[in-house]
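**Q** Same order as they appear, the protein sequences are chains A and B.
Take the first sequence: its position 2, counted from the start at 1, is 1 in our numbering, and no numbers get skipped.
To convert, take the position in the second sequence, counting from 1, and add 145; that gives our numbering.
Please keep in mind that the hints were generated in silico from the structure rather than gathered at the bench.
Think of the CB as a built atom: it goes at the ideal place given N, C-alpha and C, for glycine as much as any other residue.
Check each hint, because a few of them may be wrong.
Claimed, not checked - Subject to a maximum C-alpha distance of 25 Å in a straight line, what follows is the list of computed DMTMM-like cross-link-like pairs (lysine to aspartate or glutamate): (1) B:K177 <-> A:E118; (2) B:K181 <-> A:D85; (3) A:K79 <-> A:E42.
To be verified - Chain B regions said to be covered by chain A (calculated; three or more residues, Cβ under 8 Å): (4) 151-164; (5) 176-182; (6) 192-201; (7) 232-246.
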Amino acid sequence: MEYFVGAAITMIVYIITNRIVRSDLKKEESVLQITYSQSHIYELMAPLLDYAPKLEESAKRQSNNFIKNSYMKVMVVKNKAYWIKDNTFYVADVLEGEVVKENAKKVDTMSMDKVELGEMMFIIETLRGDNNDTWSAGE
Amino acid sequence: MFDPKSMIDALVAYGALEIDALDADSGEVIYKFTEKLRDVFPALYDEISDQIYKGAMSLWEKKLVDVNLLDEKPSVALTNFGSHRENWGSLSEGELSMMNTLMKNSGEGR
Numbered sequence: 000m001e002y003f004v005g006a007a008i009t010m011i012v013y014i015i016t017n018r019i020v021r022s023d024l025k026k027e028e029s030v031l032q033i034t035y036s037q038s039h040i041y042e043l044m045a046p047l048l049d050y051a052p053k054l055e056e057s058a059k060r061q062s063n064n065f066i067k068n069s070y071m072k073v074m075v076v077k078n079k080a081y082w083i084k085d086n087t088f089y090v091a092d093v094l095e096g097e098v099v100k101e102n103a104k105k106v107d108t109m110s111m112d113k114v115e116l117g118e119m120m121f122i123i124e125t126l127r128g129d130n131n132d133t134w135s136a137g138e
Numbered sequence: 146m147f148d149p150k151s152m153i154d155a156l157v158a159y160g161a162l163e164i165d166a167l168d169a170d171s172g173e174v175i176y177k178f179t180e181k182l183r184d185v186f187p188a189l190y191d192e193i194s195d196q197i198y199k200g201a202m203s204l205w206e207k208k209l210v211d212v213n214l215l216d217e218k219p220s221v222a223l224t225n226f227g228s229h230r231e232n233w234g235s236l237s238e239g240e241l242s243m244m245n246t247l248m249k250n251s252g253e254g255r
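Using the sequences provided together with the hints, build the complete structure.
**A** What follows is the structure in structure tokens.
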């Protein structure tokens, strides 16, 4: 009988302790994906100048693949088409329902006001989200 | 000459860096590194890993996070104390990024 009482008390103490410890943790994250601003990345890279690999030429070759790909997710807002390719945010004009890919350029967020930035954030989140309604041919 | 903008473009093209969002206040693009960074730019990967480790330890000392280094996959989690922004005090940019990421991942806002 004593053993049973001892085991029961141990079990109760274990459950209570476990609940207290778990309640102190909001959420376990096995992978911590920290986000960095551009300026913070500059700071991180500056001291590593001597160890920087030669990436630029290969990157340019990869960016050419952008033209060759057939399909991409495009969002059209106010006669502008937006898409993310190779993790870069692009914009181009839309004329008579067609994307004018010749004037495609990277979105310059530095010159935008808060309203425009809000729109851009919405577009990026939509493009990155699960909404597949805007899939269309990019060519 | 070192051109950080070109390097960022190259890292993005290699898939070592991803656009995560835009900062509503500064307009800066917010990025997130991927595991490919380990192969593409090992020195930067080591530097970031080191910063994350030191940042986690510093935040743990301030009782803002719990760090579990004994698990197979080491983890960092907000404490109840750390989940209240008024308790953050003055944090470095790296620590602030880490806390904001933890807050975002715990579903308590951006």
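**Q** Each hint: holds or not?
**A** Right, here's what the structure says about each hint:
1. B:K177 <-> A:E118: Distance of about 21 Å is within 25 Å: holds.
2. B:K181 <-> A:D85: This hinted pair holds, its Cα atoms lying about 14 Å apart.
3. A:K79 <-> A:E42: With a Cα-Cα distance of about 34 Å, the restraint between A:K79 and A:E42 is violated, given a limit of 25 Å.
4. 151-164: Held - the stretch 151-164 of chain B has 13 residues with a Cβ nearer than 8 Å to chain A, which meets the minimum of three.
5. 176-182: The restraint on the stretch 176-182 of chain B holds, since 3 of its residues have a Cβ under 8 Å from chain A and three suffice.
6. 192-201: holds (count 5)
7. 232-246: holds (count 6)
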